[in-house]
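Sequence order for the protein chains is A and B. Mapped onto our numbering, the consecutive letters of the first sequence carry residue numbers 1 to 332. Mapped onto our numbering, the consecutive letters of the second sequence carry residue numbers 1 to 332.
It should be emphasised that the hints constitute simulated quantities derived from the structure, not laboratory data. The C-beta atom is built at its ideal place from N, Cα and C for all residues, glycine as well. Among the clues, some could well be false.
As the list claims (entries may be wrong) - Just the calculated beta-carbon pair ranges, DEER-fashion: (1) B:L110 / A:A302: 39 to 47 Å; (2) A:R265 / B:L277: 46 to 54 Å; (3) A:E168 / B:A18: 43 to 51 Å; (4) A:A45 / B:S19: 48 to 56 Å; (5) A:M137 / B:T310: 53 to 61 Å; (6) A:H36 / B:G195: 50 to 58 Å; (7) A:P312 / B:S19: 52 to 60 Å.
As the list claims (entries may be wrong) - Which residues of chain A face chain B? A partial, calculated answer using Cβ under 8 Å: (8) H36; (9) K114; (10) V117; (11) L118; (12) R126; (13) E152.
Stated by the list, open to error - Partner residues aside, some chain A positions facing chain B, computed with beta carbon under 10 Å: (14) P38; (15) V43; (16) F124; (17) T159.
Number of protein chains: 2
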Amino acid sequence: MDGAVSLKPQERLAEALASNMDAVNVLIRERMASEHAPRIPEVTAHLVEAGGKRLRPMLTLAAATLCGYPGPFHVHLAATVEFIHTATLLHDDVVDESRQRRGRPTANLLWDNKSSVLVGDYLFARSFQLMTDTGNMRVLRILSDAAATIAEGEVLQLTAAQNLATTEDIYLRVVRGKTAALFSAATEVGGVIAGADETLVRALFEYGDALGIAFQIADDLLDYQGDAAQTGKNVGDDFRERKLTLPVIKAVAQATTEERAFWVRTVEKGKQVDGDLEEALRLMEKYGTLDATREDANAWAATARASILTLPAHPIRDMLHDLADYVVSRLN
Amino acid sequence: MDGAVSLKPQERLAEALASNMDAVNVLIRERMASEHAPRIPEVTAHLVEAGGKRLRPMLTLAAATLCGYPGPFHVHLAATVEFIHTATLLHDDVVDESRQRRGRPTANLLWDNKSSVLVGDYLFARSFQLMTDTGNMRVLRILSDAAATIAEGEVLQLTAAQNLATTEDIYLRVVRGKTAALFSAATEVGGVIAGADETLVRALFEYGDALGIAFQIADDLLDYQGDAAQTGKNVGDDFRERKLTLPVIKAVAQATTEERAFWVRTVEKGKQVDGDLEEALRLMEKYGTLDATREDANAWAATARASILTLPAHPIRDMLHDLADYVVSRLN
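So that you can see chain A by itself, here it is in the shape it has in the complex (with noise of 0.2 Å):
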């Protein structure tokens, strides 16, 4: 079992949950199909077959085998947060206008945007088919709330773009949003579809939430530290998109007169000339806001360790607790 060592969390994670992990992938395959609507299945098969981490459905599958359920639901519970996923997605390049995703260009620049918005929006129904599948009612509760919240965190980021107001508080809350919400309910759903109890069930909702935040601040970390080659994202993504993250958030906080000036005309009046990226890099260093905020990664990272230790002592829990040394892993 040597080789097993040196495999990392969520590939241990993929090895264990492979079997479940193949039903999702064919119940994937087979509800983002349209019979009359071609361009759907071209649009999804596109972001799909780009394969990414398979993270959140796998995290599904891990708390409900974790909680001893033996099947069938938590299959299309994973296949319903992954398609919550796709979509959120597909949204979020045509809002962001981005061109490229998992190193392949985006739908919209390949399609249309119209095409994203109406895919997105097909993918949408389609999971709440899936979730109407368990006949579950708590858990339908549960994944509809979180596609609020995170509507809700993405119109609030919009908002709190490009405005130095924005406190590390709305951060928190936009982070909750665009991607904890997530993760928080396709661990609690695994807990619930699978019986679990309460106690076991709050323990699963706080490791989603706190993996979900610690691997968010990560990656808004990792664009200003980041290897392009590793991340997909160029160095400065960010800064360039006007976006306040936490690096930035906590720059401006401590700002001098002149360096809020220089805040407000690159990011609130989005007039940046060269070298400004630098400078923006410059006074992170002097406040020291990039190891500041990779602590706060770290704590998250602490706080979702902690809570999946208080479930009962399982091969998934530990591959689970080592998960959320990993995402942080990458800054350290």
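Chain A is fixed; fit chain B onto it per the hints.
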């Protein structure tokens, strides 16, 4: 009661269902709010307060009341249906790049496409929360199926657009998706929540389906022969947007080689010059396709009337009967 006789059928329905419609409006206002993202109620209020006919929620209330349902969940279902409709309008206006809706500037014009996409997503999610409130799995199934059919119809419309190979069958599928699916779901869930017999539920579904088709065909016909003051649309908008609706599909099917070249140039290639709309209207006149389209709309209205008359006698049944006449009366 003489005054009442001159009221339009939907006004009589609105009067008969007034207290429930008030409850629907309260619920809509309550659920379209967002504590954290003020952009959401701004955008939704713009649409919701523009009024609209609230035809779809009224259909749900009417169907449930007609089946003897005392409430309260028809109110939730009516609000659900209106939320799905409003979300669809927001996304449609982005896809169609519309500038006017219900005589007012569209949300995508007043705010931006991003807000329309994300607030539409929020309303979709809210609609699923609302239907979950009913605790009735069958209505969840019907409404999530309808949402998928709507999105599929929209994608089909997108790919059928500007394609002269579009047949009347494809047109009908698009119309069922974009309009009739929500009408039929609206009436069907009214019957289901009331616990009505399967025969009645089926008749309510068929009424909604036929009413929706009649309504949409009438709408498409009015685009070529309506009065802008009444319809809020300019004559020929669909032609300029190169949409293949029934009057054109029928004319293309009978076109001479030369006429076909005209349709290829104006609709498929979109190279329109002054006088093209007049020529299009002349060709529709030549083959009587406006009359034939009107007959189709009338035939669907007749199907709707026949379906609703299979239900037990009830004042609301008669108003629904008259409503089917009314949606095509603008044409006759």
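Violations among the numbered hints, reported as their numbers in ascending order: Checked against the structure, the hints that fail are numbers 5, 6, while the rest are satisfied.
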